[in-house]
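With chain S's structure known, arrange chains Z and C on it following the hints.
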Amino acid sequence: MAVKNHNSAVHLGFVWLVVSSTVLFQSSDGHRWKKYPLPKPCRNLVFYFHDVIYNGLNAENATSTLVGAPHGANLTLLAGKDNHFGDMAVFDDPITLDNNFHSPPVGRAQGFYFYDMKNTFSAWLGFTFVLNSTDHRGTITFGGADPILTKHRDISVVGGTGDFLMSRGIATVSTDAYEGDVYFRLCVNITLYECY
Amino acid sequence: MAVKNHNSAVHLGFVWLVVSSTVLFQSSDGHRWKKYPLPKPCRNLVFYFHDVIYNGLNAENATSTLVGAPHGANLTLLAGKDNHFGDMAVFDDPITLDNNFHSPPVGRAQGFYFYDMKNTFSAWLGFTFVLNSTDHRGTITFGGADPILTKHRDISVVGGTGDFLMSRGIATVSTDAYEGDVYFRLCVNITLYECY
Amino acid sequence: MAVKNHNSAVHLGFVWLVVSSTVLFQSSDGHRWKKYPLPKPCRNLVFYFHDVIYNGLNAENATSTLVGAPHGANLTLLAGKDNHFGDMAVFDDPITLDNNFHSPPVGRAQGFYFYDMKNTFSAWLGFTFVLNSTDHRGTITFGGADPILTKHRDISVVGGTGDFLMSRGIATVSTDAYEGDVYFRLCVNITLYECY
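Chains as they are written, first to last, in this note's numbering: chain S, 20 to 215; chain Z, 20 to 215; chain C, 20 to 215.
These are computed hints drawn from the structure, not numbers from a lab. Note that the coordinates shown come from a computational prediction; the quantities given were computed from them, not determined experimentally. One thing to keep in mind: the hints can contain errors.
Derived coverage of chain C by chain Z (criterion: at least 3 residues anywhere in the stretch with Cβ under 8 Å from a Cβ of chain Z; other residues may be distant) [claimed, not checked]:
| hint | region |
| --- | --- |
| 1 | 88-101 |
| 2 | 109-115 |
| 3 | 128-135 |
| 4 | 140-151 |
| 5 | 171-184 |
For the chain S half of the interface with chain C, some residues (derived, Cβ under 10 Å), not all of them [what the hints assert, rightly or not]:
| hint | residue |
| --- | --- |
| 6 | Thr82 |
| 7 | Thr84 |
| 8 | Val86 |
| 9 | Gly130 |
| 10 | Gly157 |
| 11 | Gly181 |
We put the beta carbon where it would ideally sit given N, CA and C, even for glycine.
One chain only, chain S, in its complex shape (with noise of 0.2 Å):
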């Protein structure tokens, strides 16, 4: 009786998705397109990381140094003009769960991320979590545009290993705290929508 009664919710539960598929499919044209129904999320995690940027004089606690500058720019400080326009960074930078840069790290931050506008402060970012806690081992990769100016900006999760495994999803990210050119906490608000 149990089984038959799975049965049932089966075939509702089917027959449901399947005619729901089968609507938007055969509306699907220029305008109406989304096809499939998102699916729920499967995981929701929220973590803080902390840039430390190379200017000259922190060698010691930096984080993260630039390696690549437009022409006339230097290694050392950020360029002057232009947004920054064309430096580019690579990072090893501490993950905490809250935003406390003293707090225990539960993972690094590992990537890269470069100015890309002339007129305003954005950049892109190309980076992987790398987690080894009691709670995630394992990496997520994420890539994309961040308008350094928004407050919420949306970042593809492109990868994810371990724990992670194939993952897919967004990570949401708010600028948390800035201090000058030497310090920037992010928030990152990650939605995960397939789980293995």
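Structure of chains Z and C alone, referenced to chain S:
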């Protein structure tokens, strides 16, 4: 009765799906490994983007700049030998719906590329389309090898946000025009196979 | 009759699928969130690629070159301190089916890497396998952290084209050999979970 009909259709569709998948599973070996039938594209988009490379004289109009170069080269001009091997550029290029540089932009193509072959012109691209028009709001991020001299080359869609949340697919890129080392225009024909 | 049998098999398989998914949905909480059962791999591939790093003396044979470096370092030699932190290289490396540098290449590994940790050797990789042999035509793009000193490390497959259209999965990378700062060979064991 309507429900019953739906149920039948569902069963037939489902049988087809499972049977065809099963067959492919069973015949899966080293030489016959395509597992899932390719879904029908859910979206096709064509855009152009325009890259004006800084060459020491066009600071005002340039939309990209060298930020890295190999030993012996400089950041003002593309490396003269080895097909620009090792030159890395950051860009913020206007996206248009047609091949006219002066058409109203519908977004920005932001990212980086580098020349990565000594014996021919070839590049590697990582970039994001940031679309912000009445038709499209969101981002699509791409990555992959770009063998420039091939007429049509495919680059992977690796992520998406907003209207393009978790989109999957490819972009077929072709060089629509170029002027020496100062300007190129790419036509990007995007085919998405998963849309939400 | 055959059809009816198929139908029964379908129902059983489907019930199993939905019931197991449902159970996982229901029990999903902070500590038990794996939602989908991991599909069986659809493809396993093993390749080797060979990186010959430019060191000022091997311009003829080098397959990679530094294009970025931190303040105070140069582009001829890997940075002597801080475990090459901040050194960024672009590469176009031959791919072989075995660990012999002189075997006929089946494609090229093209992309970039940078060293991103001060206190140990660790890198971040973004690259594409461009395969063009009788067995494989297409590209696979990878991205993620590469903790070099770990024997086996997983990197995400982030995209694919051609034979590998929209492939998903991971690559388990191991350093098969290295010679100082001039040569390394990586073994890349690719497991794909979605093939079209």
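Now for the hints, and whether the structure bears them out:
By the rule of at least three residues with a Cβ nearer than 8 Å to a Cβ of chain Z, the coverage given for the region 88-101 of chain C holds, with 3 such residues. Under the rule that three or more residues need a Cβ within less than 8 Å of chain Z, the assignment of the region 109-115 of chain C holds, with 3 such residues. Residues of the region 128-135 of chain C lying with their CB closer than 8 Å to a CB of chain Z number 3, which satisfies the three-residue condition for coverage. For the region 140-151 of chain C, the stated coverage by chain Z is satisfied: 4 residues place a CB nearer than 8 Å to a CB of that chain, which reaches the threshold of 3.
Counting residues of the region 171-184 of chain C whose CB lies closer than 8 Å to any CB of chain Z gives 6, so the stated coverage by that chain holds, three being the minimum. About 8 Å separates the beta-carbon of Thr82(S) from the nearest beta-carbon of chain C, less than 10 Å, and the hint is met. Evaluation of the Thr84(S) hint against chain C yields a held restraint, the C-beta minimum of about 4 Å falling below 10 Å. Interface hint at Val86(S): satisfied, since its Cβ lies 4 Å from the closest Cβ of chain C, which is below the 10 Å cut-off.
The restraint placing Gly130(S) at the interface with chain C holds, with a minimum CB-CB distance near 6 Å, inside the 10 Å limit. The beta carbon of Gly157(S) comes within 8 Å of a beta carbon in chain C, closer than 10 Å, and the hint placing it at the interface holds. Using the Cβ-Cβ criterion of 10 Å, the hint placing Gly181(S) at the interface with chain C is satisfied: the shortest such distance is roughly 7 Å.
In summary, this structure violates none of the numbered hints.
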